[in-house]
Amino acid sequence: MKTYTYRKSQSLFKKSTKLIPCGIYGHFSPAPNIPAVDYPFFSARAKGSHFWDVDGNEFIDYMCAYGPMVLGYNHQKVDAAALKQLKLGNCVTCAPSVMVELAEYMVALINGMEWAYFAKNGGDVTNLAIMVARTATGRKKIVMVGGGYHGVTPWMQGAGHYGVVDEDVENIIVVDWNDYGAFEKVVAEHPGEIAGFISTPYHHPAFADNELPADNYWQKVETLCRKEGIVSIIDDVRCGFRLDMRGSHMYFGFQPDLVCFCKAMGNGYPISALMGTAALKNEAAKVFYTGSYWFSAVPMAAALATLKELKKINGPKKMQDTGKKLLDGMVRIAQSYGYDLRVTGISSMPYLRITDDESMMLHQEWCAECTKRGAYFTSHHNWFISAAHTEKDVKKTLNIVEEAFKVLKKKYG
Amino acid sequence: MSSDLIKANLNLYAVLQNLEDIVRYDPEINSLAKNWDVVIQFSVRGGPKAHIAFKDEVCRVVRGTYRGPDIKLFFTSPAHCNRMFDNKGNPIPLKGFTKIGFLTKEFPKLTERLEYYLKPTDDLLKNKDYLEMNTRLTLNTALYAARELALLDPVGIARAAHIGTGVVQLRIRNGPSAYINFKNGEIEVEKGDWEKPMALMEVKNLRIANDLFNGRVDSFAAVAAGDIVVKGKIMMVESLSVLFDRIPIYLS
Numbered sequence: 001m002k003t004y005t006y007r008k009s010q011s012l013f014k015k016s017t018k019l020i021p022c023g024i025y026g027h028f029s030p031a032p033n034i035p036a037v038d039y040p041f042f043s044a045r046a047k048g049s050h051f052w053d054v055d056g057n058e059f060i061d062y063m064c065a066y067g068p069m070v071l072g073y074n075h076q077k078v079d080a081a082a083l084k085q086l087k088l089g090n091c092v093t094c095a096p097s098v099m100v101e102l103a104e105y106m107v108a109l110i111n112g113m114e115w116a117y118f119a120k121n122g123g124d125v126t127n128l129a130i131m132v133a134r135t136a137t138g139r140k141k142i143v144m145v146g147g148g149y150h151g152v153t154p155w156m157q158g159a160g161h162y163g164v165v166d167e168d169v170e171n172i173i174v175v176d177w178n179d180y181g182a183f184e185k186v187v188a189e190h191p192g193e194i195a196g197f198i199s200t201p202y203h204h205p206a207f208a209d210n211e212l213p214a215d216n217y218w219q220k221v222e223t224l225c226r227k228e229g230i231v232s233i234i235d236d237v238r239c240g241f242r243l244d245m246r247g248s249h250m251y252f253g254f255q256p257d258l259v260c261f262c263k264a265m266g267n268g269y270p271i272s273a274l275m276g277t278a279a280l281k282n283e284a285a286k287v288f289y290t291g292s293y294w295f296s297a298v299p300m301a302a303a304l305a306t307l308k309e310l311k312k313i314n315g316p317k318k319m320q321d322t323g324k325k326l327l328d329g330m331v332r333i334a335q336s337y338g339y340d341l342r343v344t345g346i347s348s349m350p351y352l353r354i355t356d357d358e359s360m361m362l363h364q365e366w367c368a369e370c371t372k373r374g375a376y377f378t379s380h381h382n383w384f385i386s387a388a389h390t391e392k393d394v395k396k397t398l399n400i401v402e403e404a405f406k407v408l409k410k411k412y413g
Numbered sequence: 001m002s003s004d005l006i007k008a009n010l011n012l013y014a015v016l017q018n019l020e021d022i023v024r025y026d027p028e029i030n031s032l033a034k035n036w037d038v039v040i041q042f043s044v045r046g047g048p049k050a051h052i053a054f055k056d057e058v059c060r061v062v063r064g065t066y067r068g069p070d071i072k073l074f075f076t077s078p079a080h081c082n083r084m085f086d087n088k089g090n091p092i093p094l095k096g097f098t099k100i101g102f103l104t105k106e107f108p109k110l111t112e113r114l115e116y117y118l119k120p121t122d123d124l125l126k127n128k129d130y131l132e133m134n135t136r137l138t139l140n141t142a143l144y145a146a147r148e149l150a151l152l153d154p155v156g157i158a159r160a161a162h163i164g165t166g167v168v169q170l171r172i173r174n175g176p177s178a179y180i181n182f183k184n185g186e187i188e189v190e191k192g193d194w195e196k197p198m199a200l201m202e203v204k205n206l207r208i209a210n211d212l213f214n215g216r217v218d219s220f221a222a223v224a225a226g227d228i229v230v231k232g233k234i235m236m237v238e239s240l241s242v243l244f245d246r247i248p249i250y251l252s
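Line order of the protein sequences matches chains U and X.
Position 284 (the first sequence) corresponds to 284 in our numbering; numbering is contiguous.
Position 130 (the second sequence) corresponds to 130 in our numbering; numbering is contiguous.
FYI, nobody ran anything at the bench for these hints, they're computed from the structure.
Glycine residues also receive a C-beta, built at the ideal position from the N, C-alpha and C atoms.
Treat the hints loosely; a few may be bogus.
Unchecked claim - Simulated pairs of lysine to aspartate or glutamate, DMTMM-like, Cα-Cα distance not exceeding 25 Å:
#	chain 1	residue 1	chain 2	residue 2
1	X	K183	U	D356
2	U	K14	X	D218
3	X	K231	U	E114
4	U	K18	X	D218
5	U	K18	X	E202
6	X	K126	X	D218
7	U	K14	X	E202
8	U	K120	U	D79
9	U	K8	X	D227
10	X	K128	X	E28
11	X	K49	X	E115
12	U	K410	X	E202
13	U	K185	U	D166
14	U	K220	U	D209
15	X	K231	X	E188
16	U	K411	X	D193
17	X	K196	U	D209
18	U	K308	U	E114
19	U	K18	X	E238
20	U	K14	X	D211
21	X	K231	U	D357
22	U	K281	U	D244
23	U	K14	X	D193
Said to hold, decoys possible - Some chain U residues near chain X, calculated using beta-carbon distances under 8 Å:
#	residue
24	K14
25	T17
26	G23
27	G26
28	S29
29	P30
30	P32
31	I34
32	P35
33	A36
34	V37
35	F41
36	G160
37	S359
38	M360
39	M361
Using the sequences and the hints given, assemble the complete structure.
Laid out in structure tokens, this is it:
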């Protein structure tokens, strides 16, 4: 199997570092892709579940732009809806009518949520959720789960990160995932002080195995929040519409007060939403929170088309089924070469790790071997399966996986 | 924790340890040290303690108190200790008047050499031997300083709390290497290689390493080009970088 080279990516990155901090910043930075020289840095085009880099290399994409791509790149129905809206108007002085249509559709779709507030990124709405919780309760403190990711504003990043001062995080209390006792203790230690509890539906940190909620964990959290007047906030930015079209809280059987959506919601068009219960609608209305492009109509039209299509094809089930087929095959191949490939999380957004090496160096090498043969795998982050991934993709991926394990076996015995 | 105290810890535990390598690798100093057989104790009231032992052409800088040193140098406070390292003050000798000749004539040659190697100029760095020594000392100073900052500096403590367990290896290909071991709340630094590190940062050559340590290289570009390889639990390396970035706050 031919392995890829990245001459144009490298050259463009060199130029980019002169013009842009880090060359490529944030979660798209090449730094966590190890070794970086085995990965492409710049894309040229994309279609379905594939993308092509600037060197012309073709990849089956298992990161899906870190989540937004859910129906496939350049999806005909979504793009047609977006284009139709573009011709009608995008950023206009008055709010677009499609905003109400989208809100109506989402309120009907997402269980227990009775209003929607639109923004651009996941971090916009997790931050808004905190502000709504504080407005509603008149309290300052927020409890979050250690290792949880809710965006990049200072309170979300934690002490010791660049640009974060102690005051930014003085009202943040961190508990361990799945440790209901710790949450109960924190609540008891801060009576009448906690505004909200924010968490992802299940624990999907980077660089670590993902963890599903323990039996009754969410139900106990929900009960305690209701008893103590704490606003429960689900950050469904990553999981949203890959677990359950009604919201990931329905997958795990509980009812939060606020839910944050982004990523899969618009199939790549920039949009996010905070949704909430009727009791919090007036509180959300009090918070002044907006952005220059938050009323752009094109992403709203795209989101409406995306959600309708996902519902029509039962997207979450399709993605989970494809993921399961792929992952079962990969684990079997790993075993046949004597490796333990551990899969955690839900099969539509799995996290994988070769457990035979605690340092992850072996796993990083394997991911790189697969990537330079055309299956784009990261080693530090959960992957994403889309509804566009096909049987053919799975088959080709398994061939690549087999060859990559063969390379490792030959090298390390 | 006062900044004077943190700086005194960095001076005694991160800067002073470089004397070991100067005695080992600098031919002139090595020749001078042939007949040295002396232990100097540094004690800071309310602060760190370390001793330097010279014997058989080897210099060892060790944390803590030595029983029966030949020379005892006392500092009334961490700030007093820092003044000496900044060439603005002198220690109070409590013991070792018979070794005053060593203190006033021989030992200063060593400390002058330390200053020489730690204050590079573009011209000096053109010399391969100087480049290697400066890079070696900078690497070691950074790692030993990181240990102190992880234990004493508020930001360092916050980052170190999440760094995890295991060894982070820093290595320059065909050059010096050192590692820092985070183990059950304890942190140890050693020169050389650890067999199975949890995270590794390897730099392609001395020149790139020197440029990296002195802020003259775009580290992102270097990683992307493969001039710097970071692998394993890279979050450990990232946390370590935050500690490195704290060093200039205390040491200029």
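| field | Given hint D244(U) paired with K281(U) - CA-CA distance at most 25 Å | value | holds (24 Å)
| With a cut-off of 8 Å, does the beta carbon of S359(U) approach a beta carbon of chain X closely enough for the hint to hold? | Nearest chain X Cβ about 4 Å off; hint holds.
| query | Straight-line Cα separation of K231(X) and E188(X) no greater than 25 Å? | reply | Distance of about 21 Å is within 25 Å: holds.
| field | Pairwise hint evaluation, D357(U) against K231(X), where the allowed Cα distance is 25 Å at most | value | Between K231(X) and D357(U) the Cα gap is close to 12 Å, so the pair holds against 25 Å.
| task | Go through the hint on K14(U) and say holds or violated, using the shortest Cβ distance to chain X against 8 Å. | result | Check passed: Cβ of K14(U) comes within 6 Å of chain X, closer than 8 Å.
| said: Tell me if the straight-line CA distance from K8(U) to D227(X) falls inside 25 Å. | reply: Since the Cα atoms of K8(U) and D227(X) sit roughly 17 Å apart, the hinted pair holds (cutoff 25 Å).
| said: What's the verdict on K49(X) and E115(X), does the C-alpha distance respect the 25 Å limit or exceed it? | reply: Cα-Cα ~21 Å, so holds.
| message | Run the distance test for K18(U) versus E202(X): straight-line Cα separation, threshold 25 Å. | response | holds (23 Å)
| said: Check whether the Cα positions of K185(U) and D166(U) lie no farther apart than 25 Å. | reply: holds (23 Å)
| request: Sort out whether D193(X) lies within 25 Å of K14(U), counting only the CA atoms. | output: Status violated; Cα separation ~32 Å.
| Satisfaction of hint between D218(X) and K126(X), Cα-Cα up to 25 Å | holds (20 Å)
| Regarding the hint that G160(U) lies at the interface with chain X, is the smallest CB-CB distance below 8 Å? | Holds: closest Cβ of chain X sits about 4 Å from G160(U), inside 8 Å.
Checked against the numbered hints given earlier, the structure breaks hints 3, 23 and 27 and satisfies all the rest.
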